[in-house]
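Asks: Sequence:
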Amino acid sequence: MDKRININTVEPHAYKAMLGLEAYLAQSEISKTIKELIKIRASQINNCAYCLAMHTKDALKYGENAERLFILSAWHEAETHFTEEEIVALKMTEEITQIAQNGLSNETYQRASKVFSEKQIAEIIMAIVTINAWNRIAVSTHLQIGEF
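For the sequence shown, counting from 1, position 15 maps to 3 in the numbering used here; every step adds exactly one.
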């Protein structure tokens, strides 16, 4: 892949705004495990190697089980390996990441409202929105694994 612009260098104010979203998510109520599962699953859907490399390493650092990471792209077939909260967050991640298909379904939203507070649902949505933005930045600029 050809080298492209580095948005942090060319437009540091835009990059700083993205880092503001990360600061918000760092203080959120949702667990680090759920945040990393969201980041990894969205990055799988968006084919973002840069973010996959980063967030699988982060998940392992936070104590995530490697086997769960290996099967994450097929979590529908392995629901017994995930908690109800994680399943709902993964379902939300898929529906919001693929927003043009059907969006966040009423069924998934209702399921989320049974296991998360409104504040947590908002935080999950923002986590999904944020990783999707990062994926789009990394993929469109050809950001290479380990590069920053």
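Honestly, the hints are just simulated from the structure, not real lab data. Treat the numbers as computed from the prediction; the structure is a model and nothing was measured. Please note: incorrect hints may appear among the correct ones.
Claimed, not checked - Derived CB-CB ranges, DEER-like: (1) Ala110 x Gln89: 31 to 37 Å; (2) Met6 x His69: 41 to 47 Å; (3) Glu106 x Gly134: 34 to 40 Å; (4) Asn35 x Met114: 21 to 27 Å; (5) Lys(-9) x Lys102: 45 to 51 Å; (6) Thr(-3) x Thr71: 18 to 24 Å; (7) Thr68 x Asn(-6): 40 to 46 Å.
Virtual Cβ for every residue (Gly too), placed ideally from N, Cα, C.
Asks: Of the numbered hints stated earlier in the document, which are not met by this structure?
Replies: Hints 1, 2, 6 contradicted; others consistent.
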